[in-house]
Amino acid sequence: MSNKPNAAVDAKGKTVGGSVAGYVDDRLASANFTKRLLNKVFPDHWSFMLGEVALYSFIVLLLSGVYLTLWFKPSMVEVIYNGSYVPLKGVKMSEAFASTLDISFDVRGGLLMRQIHHWAALFFIAAMSVHVGRIFFTGAFRKPREINWVIGTLLLVLGVLEGFAGYSLPDDLLSGTGLRIAQGIVQALPFVGTYLAMFLFGGEFPGTDFIPRLYSIHILLIPGILLGLITVHLIMVFYQKHTQFPGEGRTESNVVGYRLFPIYVAKAGGFFFIVFGVITLIAALVTINGIWLYGPYTPSQVTAGSQPDWYIGFLDGAVRIMPNWETTLLGYTISWNLIVPALVIPGIMFTALGLYPWIESWVTGDKKEHHLLDRPRNAPVRTGLGVMAISFYLMLWISGGNDIIATAFNLSINQITWFLRIALFVVPLIAFKVTKRICLGLQRRDHEKLLHGYETGQILRLPHGEFIEFHKPISDKEKAVILSKKDYSPLALEALSDANGVRNPKAGKAKLRARMSNWYYGENIARPSAAELEAAAHHAEHELHEAQKHMQQITH
Amino acid sequence: MSHEHNSVEPYGAKDGVDVVSGVPVFPMGEHQLRKADLDPKAAKRAEIQVASMFGISALSILGSIISYIKVPNESLISVPVIGTVNANHVSVGTLFGLGIFLIGAGAIHWAKKLMPDEEVVQERHPLTSEKSERDEVAEIFKRGKAESGISEYKIIRRTLLGALSLFPLPLLVFLRDLGPMPGTRLRETIWEEGIHIVTDATYRKIKAADIQIGGLINAVPENLLEVEHEDENLNERGKASIILVRLDPADIVSQQGEGWDYEGIVAYSKICTHVGCPISLYQQRTHHLLCPCHQSTFDLSDSGNVVFGPAARRMPQLPITVDSEGYLVAKSGFQEPVGPSFWERG
Amino acid sequence: MALSRKHPAVLATVIGVALGTMGAAYAAIDSGTKPKTVMASQTQVEEGKALYLEGCSSCHGLAAQGSEVGPSLIGVGAAAVDFQVSTGRMPLAAPGIQAEPKPSSYDENEIAAMAAYIASLGPGPAIPTAEMLDTTGADLALGGELFRTNCAQCHSVSGRGGALSEGGAAPSLLGSSPKVIYEAMVAGPANMPVFSDSVLPVEDKQAILAYIEELQANKNPGGNGLGRLGPVTEGLFVWVAGLGILLGVAIWIGAKAK
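Chains as they are written, first to last, in our numbering: chain Y, 65 to 620; chain P, 2 to 347; chain E, 293 to 550.
The hints are simulated quantities; they were obtained by calculation from the structure and are not laboratory data.
Idealized CB from N, CA, C, for every residue including glycine.
You may find that some hints are simply not true.
List time: in silico DSSO-like cross-link candidates among lysine-lysine, alpha-carbon distance up to 30 Å [stated by the list, open to error]:
#1 K99(Y) with K132(P)
#2 K206(P) with K153(Y)
#3 K71(P) with K137(Y)
#4 K42(P) with K550(E)
#5 K207(Y) with K500(Y)
Computed list of chain P residues with no C-beta within reach of chain E, every gap over 10 Å [as the list claims (entries may be wrong)]:
#6 I49
#7 V138
#8 E189
If we strip away everything but chain Y, and leave its shape as in the complex, we get (with noise of 0.2 Å):
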């Protein structure tokens, strides 16, 4: 290719990149940052790629929400419609509601435009939350990335507020009736509920101020934390650099990939517009919240199968499931039915997620920078919380959509609802256990492979009669990844009490520290010694010898 004429190349023999770079750095003294940004290293694996994912799809949210705000009024004044949908015609309706059929029938491209955007939210959040188990189940979030790990938990919140207010600015049934869920579980807050409720809404349930209000922080607040915060979090990947899965020549203190130009420059700008792509092609193609049939929002009108998206799914479905709790003490009542599910469970589901690579540091006593991630079996406790985790908020999620599950199989809503309460608390248990089973014994196949090879299944016969398998020693692209797991063990119980048989005051913390270290790490197959690898080398160089021995004889 080299040897094509260059149509950028002028007679001078200056590239215009060039000397657009010279411009630039004339001015800024750009060229040392340029350099290194251009030859950064980054590893390549699928699973890099699922942040990008929920990057692209925010620019995209971004593209196609400027052009929403073109037409959209996020107004409540009551309008009579008189757009192109019949079946509307002559319904009084908000503004906001009124607009939004306009974008969809009146606007061209702008039902593609309103469904590139909301797709694009589903597919943000998703993205965000399939990322957030990649970087948990490699360990990524590890020192030195733990604040990177807070951002990140606090871009998946941000990104499930914003999701619901747009959710909710159509003002039609289903988000008026989302809305309604909303203001009544803010209503419930102990103390300052029924004040708060008043304020965000201007009055009682619904009034006119709310959409408005509502606009501007889904537009303009949470967008702007949403872009900073993102910012930081990719300036801090470029910084740190990327983690690395174990493999040949990869070692703690180096990156083996390709560089960010011309590779990353082709495969990640190519991701980009591959993820626009299929967000284009999906709201060209699938119809998602058709508004007009649900109708604008009335606080006297609601429709069976009321959801929320996808992303509150897990909240509705905790307030769905939760008992009826509800206790009045000296003239004011305390809702547990609202409080618990919408404040008290996500409360302690996110404080939990963005805490935990400290919790983690905090039983394993690891301090140590790590840039090699880890295979999840190599971490059986986390793995298997990770899972319990994910079953935890998969039961949640799937009693959100209790009423569409109960006619699409027939089944009993109230019986699945029982069900649900009583699974919610066994699952994610029985998860944890079976997880942390096939963790470790992945890692006892992963000895069996070090030790004896991989089964050829080549059966040979023996000169007495005997047949045997022969193995054959894995290759060392497989034993680097394999003994890249490292040995930890439990922390050592600290002295309960001194020399002079004082106690200890912190000698309860240590205890349980010294226990959950224990249970942390307690299960273990450990690393083969080198000398067991050794001698096993040997023994395999035996049996190629003898079975290349008897094979002559047979042949002979």
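Got chain Y sorted already, so can you dock chains P and E onto it with the hints?
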């Protein structure tokens, strides 16, 4: 053969062991050449593939602009699998989406097949600064602190802290006019004695005799029509909506007040006591009222009590009777707050 | 079961009383739109009685007075019979939470005969005439309003049905004829409440029917409606198909070229 390779130590490794983690290190495997690296024909093929993706993309994008202009927005067409759809939307979107997708696919195919694919090794730099540098920073802080004199000028320090902690308060106070104080509004509806019960959406008065056993009517107070939209018509609707059902008087187990029904016709608030969804999933045989939002279930033959789900309180009942012409009216307003719980409800 | 709570005789008496008061109301309000009762011939009634005795009396009683296992049919009217039998809900295939629709075991004439027989036992809602089902010129927007106010809570805004308590379900309306829907409104089968012509007049019902026809046309301008189930199927779609496609691409990007 691995043993010979061990002589070349990768970065951060010593004696075949990662300096940081103590895990054995294996050298990089041999680079595998691709077809396109070895066979100029394969490279040419890849070049054509990439170029055609970009070419088709350009055509698709132009096509989507033409569709935007030419395909009428109001025409519906039937597409297999997709169904009856807006022709403009689907043609514009599909062509645009395909165009974007192919730019990405082409770029990635180009990178994978034609750009060099040998992995590069780059060293990480320690994220911790040298001790001397850290000490220097601490020194600068110390010096600055001494120069400012913040530890000596106690009174400056305290007044500054006072001013700084007060400064955000007005920002909170200024939010006061976001909404009114709750007052008693959550306890009141526009129902009063003698207000006619009218059908929702069509606002017709209802003759008691017209309702059959098993009948359900979604209803509102007649005076709701007098409340303008700007005067919070929807807020009142959100509290005053009711459902009327006629039960066989023999089926009524209990009511919230003596004689609150009219010949088996009972009126209950339509607003769920859980979080306020309007409920009218009335099941006439079981007399159950089910909320579609969180599945709270109430028994309208038994004072509207909760029989299932997360709602803690019964549905408030509206006492009703008829006027001289036999039209249903409220006997009084609600005797307890309708809708979801709130802290001061008691 | 709620049914066994009521003694059939009580039910019959109450229905009788209710119908007595309602008869007057019908005459007073709905004289204009009152269903013209098609005079059934005596032979049709006889034929219907024979079919009734053979197929229905084991549950509903020899004189349609009801029993422990089936409610009284006196005064339920022809509409209820036509609804239940033409949709195959009756005769019941197996006792359950609610009767499930299936292909009808009777032909049109047989159903008409049975309807005539039951109608002869006491006044009740009649089978709607073609004129009552005519939706030309009906107010589609009003129909939508009424549908969302009175029907959507159980059948959902898209008419595809929804869950009720204790295993019950409101059926989908998307495959139902206007006649069957009209009959269901006036007869209130199973757990469905009654929307009689006196409180929901014929023209309102016509508007609702027109709106349901619009729903049945299943026009989804934005592309496949995913069963019009709302956010649940949209969420599943994004996780399974959407992320599935993008993961596939990510794996393609991450894989080494050959």
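With d taken as the least Cβ-Cβ distance between E189(P) and chain E, does d exceed 10 Å?
-> Fine: 24 Å to the nearest Cβ keeps E189(P) off the interface.
Pair hint K206(P) and K153(Y), alpha-carbon separation not exceeding 30 Å = With Cα atoms ~26 Å apart, K206(P) and K153(Y) stay inside 30 Å; holds.
Against chain E, does V138(P) keep a CB gap of more than 10 Å to every residue?
-> Given that every Cβ of chain E is farther than 10 Å from that of V138(P), nearest at about 41 Å, it holds.
With a cut-off of 30 Å on the C-alpha distance, tell me whether K99(Y) and K132(P) pass.
-> 28 Å, holds
Distance restraint between K71(P) and K137(Y), which requires alpha-carbon spacing of 30 Å or less = 28 Å, holds
Are all beta-carbon distances from I49(P) to chain E longer than 10 Å?
-> Correct as stated: the minimum Cβ-Cβ distance to chain E is 16 Å, above 10 Å.
Does K42(P) pair with K550(E) here, judged by a C-alpha cut-off of 30 Å?
-> 14 Å, holds
Sort out whether K500(Y) lies within 30 Å of K207(Y), counting only the CA atoms.
-> With Cα atoms ~24 Å apart, K207(Y) and K500(Y) stay inside 30 Å; holds.
The structure meets every hint from the earlier list without exception.
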